[in-house]
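A.B. asks: Take the given structure of chain A and dock chain B to it, following the hints.
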Amino acid sequence: MKEKKKVPKTSWKKKDFLGWMIMLPSIILFAFFVWEPLIESVRLSLYTAKGIHTEDFVGFDNYLRVLRHPDFMDALKNTFVYIGWSLVIGFAVPIIIALLITETIHFRSLFRVGVYFPNIIPGLATVMLWGFFFRPGNTGVLNILLSKIGIESQKWLNNAALTIPLIVLTMTWKSAGSTSLIYMAGISGINPELYEAATIDGAGIRQRIRFITLPSVFSLAKTLLILQVIAVFQILYEPLVMTNGGPNNASISIMQLVYNYAFRDYKYPMAAALSVMICIVLIILSGIYFKLTTKKED
Amino acid sequence: MKRKMIGLLLCLTLAISLLSGCKKNDANSTSGDTKPTDAAKQTNTPVPTKEASNPVEKKIQLKLGIWPEDTLTDDINMHKEFVKRFNETHPNVEVVPAYYKYAVDTFVPKAESGNLPTIFESWYTEPQKLIAGGFVADITDNLQKRGWLDTLNPSIRDLLSKDGRIYGIPRDGYALGLMLNVELFEEAGLVDANGYPIYPKTWDELAETAKKIKDATGMAGICILAKDGAGGWHFSNIAWAFGATLTKDNGDGTFTANVDSAEAIAAMQYVKDLRWKYDVLTPDPINEDWGTGFANLGVGTAAMYIAANDAVNQPTQVNGLPVDKLAMCALPAGPNGAQYSLSGGTPYMFSKDATSEEIDAALDYLEIMGKAPVATDEAIAGMKADAENRVANGVPVIPRFPCWIVQKVLDAESQIIKDYGNVDPKMFESYFNATKQSGNLRMEEPGSAQDLYAELTKVLQAVVTDKDADVAALMQKANANYQSILDDLFKK
Chain A
1 MKEKKKVPKT SWKKKDFLGW MIMLPSIILF AFFVWEPLIE SVRLSLYTAK GIHTEDFVGF
61 DNYLRVLRHP DFMDALKNTF VYIGWSLVIG FAVPIIIALL ITETIHFRSL FRVGVYFPNI
121 IPGLATVMLW GFFFRPGNTG VLNILLSKIG IESQKWLNNA ALTIPLIVLT MTWKSAGSTS
181 LIYMAGISGI NPELYEAATI DGAGIRQRIR FITLPSVFSL AKTLLILQVI AVFQILYEPL
241 VMTNGGPNNA SISIMQLVYN YAFRDYKYPM AAALSVMICI VLIILSGIYF KLTTKKED
Chain B
1001 MKRKMIGLLL CLTLAISLLS GCKKNDANST SGDTKPTDAA KQTNTPVPTK EASNPVEKKI
1061 QLKLGIWPED TLTDDINMHK EFVKRFNETH PNVEVVPAYY KYAVDTFVPK AESGNLPTIF
1121 ESWYTEPQKL IAGGFVADIT DNLQKRGWLD TLNPSIRDLL SKDGRIYGIP RDGYALGLML
1181 NVELFEEAGL VDANGYPIYP KTWDELAETA KKIKDATGMA GICILAKDGA GGWHFSNIAW
1241 AFGATLTKDN GDGTFTANVD SAEAIAAMQY VKDLRWKYDV LTPDPINEDW GTGFANLGVG
1301 TAAMYIAAND AVNQPTQVNG LPVDKLAMCA LPAGPNGAQY SLSGGTPYMF SKDATSEEID
1361 AALDYLEIMG KAPVATDEAI AGMKADAENR VANGVPVIPR FPCWIVQKVL DAESQIIKDY
1421 GNVDPKMFES YFNATKQSGN LRMEEPGSAQ DLYAELTKVL QAVVTDKDAD VAALMQKANA
1481 NYQSILDDLF KK
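Listed in order, the protein sequences are those of chains A and B.
Quick note: the first sequence uses my numbering, first residue 1, plus one each step.
Quick note: the second sequence uses my numbering, first residue 1001, plus one each step.
In isolation and in its complexed conformation, chain A is listed as follows (with noise of 0.2 Å):
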């Protein structure tokens, strides 16, 4: 008995050895440039501080000063608007593209790099790009086109209540295409069989897809969801370049707000603070995420 349980050990040890030996150097990276930082920001949301200098302990006060910011609750409310209006304007375009491409005959490819193509313009860009589209008043493009046929100029970003579906209007614009193209293979996945089974019984191809596509991606789907909802609570640069939050906090997302402490007021510890608290968030959302998508691989 004894023996036996020996044997399996030592070659566990033999077997795994080199393993960790060619993982170390990926781990020291990690322990260095990621979980580092992660434990120092946790620790450094816990102190007051000069510059990034922790000083004294002081528990939950950064929290407690975040939370009692008036720009805290604008910012938390406009971040869930923000992926309610995603989920609106985002979730469902990557779909209706793939599946109209794959149901292109002619120029397929042409069409599959056409919608990719805002993917390959750097951020920064497209959203200055569309902050053009979007001037008020008779300089901006969308007014110069308005004006054409006779529609007077509108206040596009500076509505307040247009703001945020427009910013997400320009995410879904630069990053549908690359969702698509997960889609796509999705459906180039499903095996043909079942399309020709379905054509042979008289199946029209709204009834094709209605029956077949989308019970295919259902769970496909489900997982791009919630990455879709992770990578929206994390907004930054849209809002900053677009609007820097305005007009009166309309669009001043959670990630504009440690933004603005880190970077604009050097409040380290209550950029940390917020920080830890998005990161609990996103935890709970990426434990939903595996387990959609474990559920998923059974």
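None of these hints come from the bench; they were simulated from the model.
Just so it is clear, CB atoms sit at the ideal spot from N, CA and C, and this is done for glycine as well.
Incorrect hints may have been included.
To be verified - Below, a sample of chain A positions facing chain B; criterion: calculated Cβ distance under 7 Å:
| # | residue |
| --- | --- |
| 1 | G51 |
| 2 | R135 |
| 3 | G137 |
| 4 | A185 |
| 5 | G186 |
Unchecked claim - DSSO-like cross-link-like pairs, simulated, lysine-lysine; straight-line CA separation at most 30 Å:
| # | chain 1 | residue 1 | chain 2 | residue 2 |
| --- | --- | --- | --- | --- |
| 6 | B | K1491 | A | K77 |
| 7 | B | K1477 | A | K77 |
| 8 | B | K1110 | A | K50 |
| 9 | B | K1467 | A | K77 |
| 10 | B | K1491 | B | K1325 |
| 11 | B | K1101 | B | K1201 |
| 12 | A | K50 | B | K1352 |
| 13 | B | K1201 | B | K1277 |
| 14 | B | K1352 | B | K1162 |
C.D. replies: Chain B only, in chain A's frame:
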């Protein structure tokens, strides 16, 4: 087995090279310390004559963050000349050009990694933040030794000190005024018989003037900022003219927000009227910041802009406005005749890692540049070089704001303006007259000015984008917000 051994060896070398990589970095960051030892090793070889004449003094490095940026070749040539003269008297100092444009996102990493230049410029809003963060050197003793302490303009001294210690010296002082694009005034027919622009003396007149310009030229009458803190900063000056005081100092270390007073609300209502009643603003005020304001003024898409005398190179040299088409007048007066100019300074500050000798070297360099409170021949030569450079680049040569109170320096400066003046002093007369009046200059609001500006900027954004914005309610909310921040900061 062999393969395994090779794999193992490879992994080990990788790990070791990683670790040694870290070590190398350490060595680099302390290169200042290692250099002398290198020199010590070479004691057998003959040392350069310069050092031989002064063997005890070790070579020190002066990193000049105030070096001009690459595109300004004339300015660089001027500084090269300065360095040559500086090294005649300071052979032991190695001057290293280390152009650094202060930016909030690069500053802290640079400071923490010990890579800040010995001397650098910052902004009006920053000194207190930098002092609180421990990023800048205390230079009180250096100034004391030179006898410069008592010559500092007291209002600027406050801005640069904490608990009686001083952390910077002014490059320029400034006071806000109103910059005018004379070309647009001419186009709108708003010039007198002698060709001088007819500038507004009250805020009501400003609205009407702006309207006339908009009607005649289609360009914005005035550029009002509403993007970031600068919006609230400018607005606080407008509010003062309407009789408001935005923060009350309770004298016991606490402050009371006073943003929703009738006067402040009237001032905000006035800004709202500029947008909706007169419609004289640029198309997108919530995307206008300090820099775009000057761009608008310089290229002629706005006729007026609240700005200070130390930034006259912005509309001209940077944005191409001919030097004789820029005028500056006092900020308009409010309904009750109150008129103020917000004043402060653009500071030179020093790296926290700089030694006392390095700071002294930097201060000596400033003397050669003519930016110090001394009127030596060298300093006057520096002032002349600066003036010549301004003339060559189409920047108005106008009086500096008196940040040092030393009569000799002031005399030297006025002589240089007489010799090199490239603009009609009448174009700036109203501005300088106003700033000389007693009670005109006013420092930023006490308390937490940056948070106040952030709150005001939100209100500004609301009133310039929403025709139905309720000014009083917004100001009340801003007041409550600002009060909660003040309570957080100052109540124990």
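A.B. asks: Confirm or reject each hint.
C.D. replies: Results for each hint:
The closest approach between the C-beta of A:G51 and any C-beta of chain B is roughly 4 Å, which is under the 7 Å cut-off, so the hint is satisfied. The closest approach between the C-beta of A:R135 and any C-beta of chain B is roughly 6 Å, which is under the 7 Å cut-off, so the hint is satisfied. At a threshold of 7 Å, the smallest CB-CB gap from A:G137 to chain B is about 3 Å, leaving the interface hint in force. Interface hint status for A:A185: violated, as the beta-carbon distance to the closest one in chain B is roughly 34 Å, over 7 Å.
For A:G186, the interface hint is violated, since its Cβ never comes within 7 Å of a Cβ in chain B; the closest pair sits about 38 Å apart. Proximity of B:K1491 to A:K77 is assessed by CA-CA distance (about 28 Å); at most 30 Å being required, the pair is judged to hold. Restraint check for B:K1477 and A:K77: the C-alpha separation of about 17 Å stays at or below 30 Å, so the hint holds. With a C-alpha separation of about 15 Å, the suggested pairing of B:K1110 with A:K50 holds against the 30 Å cut-off.
At most 30 Å may separate the alpha-carbon atoms for a hinted pair to count; B:K1467 and A:K77 meet this at roughly 24 Å. For the given pair, B:K1491 sits about 50 Å from B:K1325 by alpha-carbon distance, which is inconsistent with the 30 Å threshold. For the given pair, B:K1101 sits about 36 Å from B:K1201 by alpha-carbon distance, which is inconsistent with the 30 Å threshold. Restraint check for A:K50 and B:K1352: satisfied, since their Cα atoms lie roughly 13 Å apart, inside the 30 Å limit.
At roughly 20 Å between alpha-carbon atoms, B:K1201 and B:K1277 fall within 30 Å of each other, so this suggested pair holds. This hinted pair checks out: B:K1352 and B:K1162 have alpha carbons roughly 15 Å apart, not beyond 30 Å.
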